[in-house]
Amino acid sequence: MQSRLDERFTAAREEGRSLLVGYLPAGYPTVDGGIAAMRAMVAAGVDVVEVGLPYSDPTMDGPVIQDAADAALRGGVTTADVLRTVEAVAATGAPTLVMTYWNPIDRYGPARFAADLAAAGGAGAITPDLPPEEAAPWLAASAEHGLDPVFLVAPSSSDARIRLVAGISRGFVYAASLMGVTGTRASVGTHAADLVARVRATTELPVAVGLGVSTGAQAAEVAGFADGVIVGSALVKVLVDAQRSGVGDAAALDGIGRLAAELAEGVRAPVPASA
Amino acid sequence: MSATPSAEAGAVRAQAENWQAFPDPAGHFGRFGGRFVPEALMAALDELTEAYDQARADEGFIAELDGLLATYAGRPTPLTDAHRLTEHVGGARILLKREDLAHTGSHKINNVLGQCLLTKRMGKTRVIAETGAGQHGVATATASALLGLDCVVYMGEEDTRRQALNVARMRLLGAEVVPVASGSRTLKDAINEAMRDWVATVEHTHYCIGSVMGPHPFPMMVRDFQRIIGVEARAQVLDRTGRLPDAVVACVGGGSNAMGIFHPFIPDTGVALIGCEAGGDGVATGRHAAAIAGGSSGVLHGMRTFLLQDEFGQTQVSHSISAGLDYPGIGPEHALLHETGRASYRVVDDAAAMAALALVARTEGILVAIESAHAFAGALDVARELGPDATVVVNCSGRGDKDVDTAARWFGLLDDAGAAVDVDPRG
Ligand SMILES: Cc1ncc(COP(=O)(O)O)c(C=O)c1O
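Taken in order, these protein sequences are the chains called A and B.
When we follow our numbering, the leftmost residue of the first sequence carries the number 1, and every step to the right adds one.
When we follow our numbering, the leftmost residue of the second sequence carries the number 1, and every step to the right adds one.
Bear in mind the hints are in silico, worked out from the structure with no lab data behind them.
Here the structure is a predicted model, which means the values were calculated and not measured.
Do not take every clue at face value.
Said to hold, decoys possible - Below, a sample of chain B positions facing chain A; criterion: calculated Cβ distance under 8 Å:
(1) Val37
(2) Ala181
(3) Gly183
(4) Lys188
(5) Met195
(6) Arg196
(7) Val199
(8) Val202
(9) Leu300
(10) Phe312
(11) Gln314
Every residue, glycine too, gets a C-beta built ideally from N, C-alpha and C.
Please build the complete structure, drawing on both the sequences and the hints.
See the structure below:
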């Protein structure tokens, strides 16, 4: 059976464009503020939403996402708030995934989390520090509730590991474009296209590229070789900057809308990959 | 003190006639351990596992490490009869394994020499490390100077203040010390920052983890490098007393000095293995660092183990007067030893540890690290419980020079301005 993510990727392929995947953490600046920002991003052209679950020890995140997650936790955000956020965002019709470190799901109980995520209308979860070797309980729970479990590959992954990761992923394979933590980068780097080609050689699944994309031009470049373009820190930074400068919620939402629209334009104008 | 071992743990124990079987090839100690890291680090962990497997079978590597341990680090460290402590507890013989006499002043050097030699073997030129008390950072800076490696040490901002002398030591040794201002600004956050560095630099950098924690192969490898403590101690006790001890006691932060001294004794089922967790203000107050007594099973820093966490799986901030024990988790092999009942763990709070520190200083003339003072406090109780015929080995994991300021303030020997005050630390 086709999942909501599968349908979206198929439709985008037919349109000759990539999907735009946008990340924001739940609970930042507040639970409702986060929901409003995610809805604004969908209204401006984001196709798929990643709802971040703020975590105390974000070892894979750079300063921007760390700061937002810290603030959200200080504000008292809980796993229940994350699920409420998923429900509100999924109601827009955009496939909505949770992006989380493993321990919060482990603690909640994988079966219970999958049930509650599905009940909230979630499409699946991205679990970057859950390796395939430890994933059996999560795969079973996801399958039972019709969720897409998404796993990551990295430039350092061997072909054997790419096969392993692609073999258990559903919806898409997340290709981390560079060796490093989340954050905006001046350029996307040369590893990404190679990595996507290596993933394509092992699977029919769509491949989405994340880490470092922040502008419409970069989105267009990545859209030239990947099925999905994932943007996180650049969007989060709009909210963080708005909080710091105190410009107000409306201006923050405007900022999110402007950046999302620029990125949405980018994924619709793929730059043909130079051979 | 220890929870009832579960049925699953019983099964694990039944399989475990040979404790050397742990971990399994994927790094599991029963249900603990493993490798919960981003895919980007998997290749480096595989590379490290392979390099370590080759090195430990290579006589050249073993000889080089043994040579450094003997001629540079000062091994074997002595086993000291603590006569006046023995008298103090009513007769049980107390023997001290003197890791405080190893170069740089703690057991940390054993592990670091092994990992830094391995770094060179892998062709890497830079090491990074996290540190709490600063002892692992100092040891890493030392081995890096010796072996010509670039060295960066991450240290929580709070700890750079508590252990300022060790920050200066590391800088004198040529290391760069990076204060970490995120999260709780202590050891766990230093580890987070080191991991962020590593994922971006892994091609030329080795992450020299300082305890039996983190993703596989670290808990196994660090244990193996620290096993020398127990191998020596076991032979020394047999030689000195003609029999095995009744108990071996060590403090537990991540758990490397404890794992090092416990491991060779694990098959000796008559020897009680007792770890002392840091109780801070007391487990009941919630301000402590006792992962086994006050924690639950979860995943942190690449491993499944016991950790302090809230109902949502967010790590809770640990508290201890001892920077080296101020960590919300514990190495996965300790989690297994606890669950199988092969080792037991007790809690020593700040006040009990500091009282033991003062007692040991006055009765034995040894100023021990505050970390080690937790082991002494536990051992004094164990010695009284076991009675005058017992022999108890205490792992004296480090010396207390770095802690003089903290101890002096605790006992009121310094005023707020840092000037000496004449009081009796026995209170
Ligand atoms: C002297 C001493 N003992 C013990 C520890 C705790 O570490 P572990 O539990 O790994 O031995 C430290 C850590 O800094 C230390 O410096």
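Task: Enumerated hints in conflict with the structure, sorted upward - done: 2
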